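Asks: Two chains, two frames, a set of hints: combine them into the complex.
Listed in order, the protein sequences are those of chains A and B.
Okay, so the first sequence: first residue is 1 according to our numbering, each after it adds one.
Okay, so the second sequence: first residue is 1001 according to our numbering, each after it adds one.
The hints are simulated quantities; they were obtained by calculation from the structure and are not laboratory data.
These figures come from a predicted structure and were not determined experimentally.
Mixed in with the good hints, there may be bad ones.
Once the Cα atoms are required to be at most 30 angstroms apart in a straight line, the calculated DSS-like pairs of lysine-lysine come out as [as the list claims (entries may be wrong)]:
{"#": "1", "chain 1": "A", "residue 1": "Lys43", "chain 2": "B", "residue 2": "Lys1112"}
{"#": "2", "chain 1": "B", "residue 1": "Lys1279", "chain 2": "A", "residue 2": "Lys139"}
{"#": "3", "chain 1": "A", "residue 1": "Lys43", "chain 2": "B", "residue 2": "Lys1118"}
{"#": "4", "chain 1": "A", "residue 1": "Lys326", "chain 2": "B", "residue 2": "Lys1117"}
{"#": "5", "chain 1": "B", "residue 1": "Lys1118", "chain 2": "A", "residue 2": "Lys139"}
{"#": "6", "chain 1": "B", "residue 1": "Lys1111", "chain 2": "B", "residue 2": "Lys1012"}
Partial chain A-side listing against chain B, Cβ under 8 angstroms, derived [claimed, not checked]:
{"#": "7", "residue": "Gln40"}
{"#": "8", "residue": "Trp44"}
{"#": "9", "residue": "Ser49"}
{"#": "10", "residue": "Phe61"}
{"#": "11", "residue": "Leu147"}
{"#": "12", "residue": "Tyr150"}
{"#": "13", "residue": "Ala221"}
{"#": "14", "residue": "Phe260"}
To give a feel for the contact side, a few chain B residues facing chain A, derived at Cβ under 7 angstroms [said to hold, decoys possible]:
{"#": "15", "residue": "Met1031"}
{"#": "16", "residue": "Pro1045"}
{"#": "17", "residue": "Val1101"}
{"#": "18", "residue": "Phe1107"}
{"#": "19", "residue": "Pro1138"}
Note that CB positions come from ideal geometry on N, CA and C, so glycine has one too.
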Amino acid sequence: MSLPDVSVQREEESNPAVLPKQAGASEGKRPTLGKATFLQKKKWREEGSAMVFIGPFLILFILFIVIPVIAAIGLSFTYFNTVEAPKFIGLQNYVNLLTQDNVFMMYVLPNTIKFSLIVGPIGYALSFWLAWLLAQIPKKSRTVLTLVIYSPSMTAGIAMAVVWLIIFSGDSAGYLNSMLLKLGLIYEPVQWTQSPDYLMPIMVVVSLWGSMGVGFLAMLAGILNVDKELYEAAYIDGIKSRLQEVFYITIPSMKPQMLFGAVMAVVGTVQAGVIGVQLSGANPTPQYAGQLIINHIDDYGFIRYEMGYASAISVILLLIVYLFSKLCWRLFGEKD
Amino acid sequence: MSIKSTKINPDKFHISQWKFYVILLALSTFMILPIIFMFSQALKPMDELFLYPPRFLVHKPTMENFGDLMSQTSTTLVPITRYLFNSVIITGSVVLLTCLVSAMAGFALSKKNFMMKKVIFEANIIAMMFVPAAVMIPRYFIIETLGLTDTFLGHILPLLALPVSVFLVKQFVDQIPDSLLDAASIDGANDFVLFRKIIFPMIMPALATVAILAFQLAWNNIETSVIFMNDENLKTFAFYMNTLTSKLENNVAGQGMAAAAGLIMFIPNLIIFIFMQSKVINTMAHSGLK
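The following block holds chain B by itself, in its conformation from the complex (with noise of 0.2 angstroms):
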């Protein structure tokens, strides 16, 4: 049946894709200029940023910003390294935990029975249309009150009621066929050995959908430095980041520094996704709200 049966997906390259190459290779550019033009400016040495008229790509790459940027302090005397540290500290937490609740709560909501389950689940739908920016106001009082001001646990709790992870594991699970874990059950095993022994390894993608998610929540936040931290010594990198831009305008010995530490700040978004993206898109599949 191939008279003019789909080309969607398709096994190899074909000369009528050209079109479609044409389009997306002219939007990507567009998309990556950006990008290049990050790695660029963070490797510029000193006289190519004040070069005039200014050029985009870097001729001679040198690691100076990146040196100088480590030794920097902000205004406050903070070295920066310490925000580095406060924000790997806060976003392994974050991607760990977010990882194992949602988990546990995928599983609940798809397998188990128990009062306000739909409740809960519907529940959890709407507040995927939440925006936590919003509701800043009240959270802060709710963080005063549970004492969590000032602490790493400030940054890291909040970040955790994600509903959009909770989502997506549930819809994951409910592809586990309940015979197998039927099986299991009668041969003995309680919730959690299910949960640990078929549960978890078979939601691993996911997991891994998840943890980029959480990810990138914890690395480019910077709302709970601002508003739940008074402790310049407990705020993030991505927190120092926002700083740096105000000083910006007209700074061009600054702006090397900041597009360093834009780097950082990029780098590890784009590892964690080469790595998992072909389980992202395979998590995705099941994603689907209806």
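Isolated chain A (complex conformation) (with noise of 0.2 angstroms):
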């Protein structure tokens, strides 16, 4: 790491009266009368400069996500339409969410379950494998198709909801009927984004798609930093093949940029479940085709009104991505 011009240094020559007063402070560690109440001081002045730099941070965090999420539990309790002050009506939304609410059990926790399964896991694999594959290769082709990867999770979201729309679109006229007409394969056009059937395997594949992100990026570099004698003492001790390697030294010696990735995949594979709606431009999606649990809170939270119940579901969600993150921290956390 190059070491920027530290002009410090200089400033201080001009003003040598600090010097001898902080020299004193760092190295006064013994407790004489006077020096105490001066290191108490400094402590506190420690304390209040430390607070300058964390406090932005901090109030932001706090009014955006900590009271967010406590607000949310609050109000999980209640019966809220936003007109009318919360009534409390203890665990009545987790009762009814679990046993009256017929489509979140027939249609939304299936369809979150099988799409968290797909585009998570896949998901996850593939970004390690093209990680992997493009350390392969020198640098210069590495930086193009790294950027040619990436690319789609840069609009992944409404951008690209468009173009993959005009591509899906319903008419004979949108460009994949007409290709699928052309080859014989459907004989007449599909209204992919409105189609319960289809609806779920493109959410699907657009969102593999565009699940190259920042996880991707920083396993590539976990994967470029590995350190080359661990390979070729590894070739030493008699491993064989490339999948030996990977197994057995290349992901132990990232761990951390795996749980990184991992981390990344859930949080990015919950928010990619909008894109059902985007595509079918519809909330509900037809037939429920394509809802999962985030359309499922808009749907009762911003279209309903249903305040309460709309963040029994939200915490149920938080809950769901905190125990998938755990269990990758099971996966690739380092214990100590």
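Replies: Structure (structure tokens):
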């Protein structure tokens, strides 16, 4: 790492009065009476200056992450329609969610499980595989291909939904339809994004396509930074194939990046859930085919204004995300 | 020791790498086709958009769609340029402020000692698994309580709480040797001087990464427009794009404009990433979670 020109030293020369005091403080660990209060003061000054630095983030963090999570938990025990004040109803929302909400049990939960289990692990494995492949080629071509593979995730979301929509356009002039018609694979145009049969597979493909994000970059960096001598030592010790190399050397040496990538994959998968609504242009999605938990929250929160119930679903979602992340921690975390 | 020494991160092309190229090129093609399609669609003149059967690539590229897009107004009579202006202001502020806030927090978490430091760092790691969309309802009430509905701050402030960026900066500051800071502080530099003259210049790669993340978050952000803003004049370009999707089915004329708008969303992301990609990889090497 190259050190920047430290111009602080020059500044100090013009202001020599500061020097003896500071030097005394850093050496004076012996608690003589006068110095004790001085150290005390210094400690509080340290504390204050640290607060100045951490303060802005801390305030935002509390305001937009901590309080909302606590508030969501609180609201989840109430009936709240935004007009009247929240009314405490205990666990009723959770009971309803698990026993009364047919849509949740019949569509939302199975869809979410299906979507997450496909997009999460496959997206993650694909990120690692692509990163590993990229590490096998020289820097110039790697840079270009990394850019290509990363670029879908930059616009994953609304801009891309538009492009996919044009491709999946439902009339015979739609790009996919006209191509399949010409090849004779289908006989009449398919309403891709409006069809309960096709919406989910399309969501999966589009999400996977856009899932090579931050986690992918982290894993690429991790693979490139594995100490080369480890591989050489491993070959002397009798590792034979590249597959063994990956499992015995590469992955164990980059566990922290693997974990970072895994956590990002879990969070990314949950957030990618909105794609169903973007593609079909409706919440709820046609016959709930693409309805995931995250859409269910919006449906109840901002369409039906049942904020208490929506909050209960949010809490469940946050719990699921947390549990899955903990699972990743089990797999890749370093025990200490 | 080159009996079978590793081929990871090779210096130059070797014929044995062909299989990696084949797989990578195949997958990259899948990745980039929709993007090429977006370019091509955005540049198509009207007669090519209506062509039947449709053709993937544009033959006579034109900027017509961009011109049409710019002169559009939304159904509520807000001109497109207004949405774009809002997006630029909001994204610019979010990028600058996120860099500043996370640089300061990363510095404090890495090099300073203070009460609750461990707790805050742990909380930040847990918060990396946080999904903002799950708590839009409480956030909405907070924004309303603070009186930020229908203000630019209502767009900007919620996006600044970005735990990943603080984490990345903190990991990067960890690499700076304490001795360097100690030397400077014995020479009389206070924390602000340390931060400005030593930390800030040294964590530029991490900040480049944070800037990219913040940019993507803010530029693609729809939620704050949908939920916190009632005034159409304060909504963002991404929000406008979202309204386009509902009108796309069987509306060929709108497709060219929609693709042009998609391109406007995409290009800034691309440019920023191209300029900063080497720094990003450098930062990501320190991104490990332990």
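Asks: Run every hint past the structure and note whether it holds.
Replies: Status of the hints after comparison with the structure:
1. The hinted pair formed by A:Lys43 and B:Lys1112 meets the criterion: a straight-line CA distance of about 11 angstroms does not exceed 30 angstroms.
2. Under the criterion of a C-alpha separation no larger than 30 angstroms, the hint pairing B:Lys1279 with A:Lys139 is consistent with the structure, at around 14 angstroms.
3. A C-alpha spacing of about 18 angstroms is found between A:Lys43 and B:Lys1118, which places the hinted pair at or below 30 angstroms, so the restraint holds.
4. Using a Cα cut-off of 30 angstroms, the hinted pair A:Lys326 and B:Lys1117 holds, with the two alpha carbons roughly 22 angstroms apart.
5. Straight-line distance between C-alpha atoms of B:Lys1118 and A:Lys139 comes to about 39 angstroms, which puts the hinted pair past the 30 angstroms bound.
6. Distance restraint check for B:Lys1111 and B:Lys1012: the Cα-Cα separation of roughly 40 angstroms exceeds the 30 angstroms cut-off, and the hinted pair is therefore not satisfied.
7. Proximity of A:Gln40 to chain B is violated relative to the hint, the smallest CB-CB distance being about 15 angstroms (cut-off 8 angstroms).
8. For A:Trp44, the shortest C-beta to C-beta distance to chain B is roughly 10 angstroms, which exceeds 8 angstroms, and the interface hint is violated.
9. Taking 8 angstroms as the C-beta cut-off, the interface hint given for A:Ser49 holds, the closest approach to chain B being about 5 angstroms.
10. At a threshold of 8 angstroms, the smallest CB-CB gap from A:Phe61 to chain B is about 5 angstroms, leaving the interface hint in force.
11. For the restraint placing A:Leu147 at the interface with chain B, the shortest Cβ-Cβ distance is roughly 7 angstroms, inside the 8 angstroms limit, so the hint holds.
12. At about 7 angstroms, the closest approach between the beta carbon of A:Tyr150 and any beta carbon in chain B falls short of 8 angstroms, and the interface hint on this residue holds.
13. For A:Ala221, the interface hint holds, the least distance from its beta-carbon to any beta-carbon of chain B being 4 angstroms, beneath 8 angstroms.
14. Nearest Cβ of chain B to the Cβ of A:Phe260: about 5 angstroms, under the 8 angstroms cut. The hint holds.
15. Restraint check, B:Met1031 versus chain A: the minimum CB separation of about 5 angstroms is within 7 angstroms; hint holds.
16. The beta carbon of B:Pro1045 is not positioned within 7 angstroms of any beta carbon in chain A (closest approach about 16 angstroms), and the interface hint is therefore violated.
17. With a least beta-carbon distance of about 5 angstroms to chain A, the hint placing B:Val1101 at the interface is held under the 7 angstroms criterion.
18. Taking 7 angstroms as the C-beta contact cut-off toward chain A, the hint placing B:Phe1107 at the interface holds, the least distance being around 6 angstroms.
19. Annotation: interface hint on B:Pro1138 holds; nearest CB of chain A at approximately 4 angstroms, less than 7 angstroms.
The structure fails to meet hints 5, 6, 7, 8, 16 from the earlier list, while all remaining hints are met.
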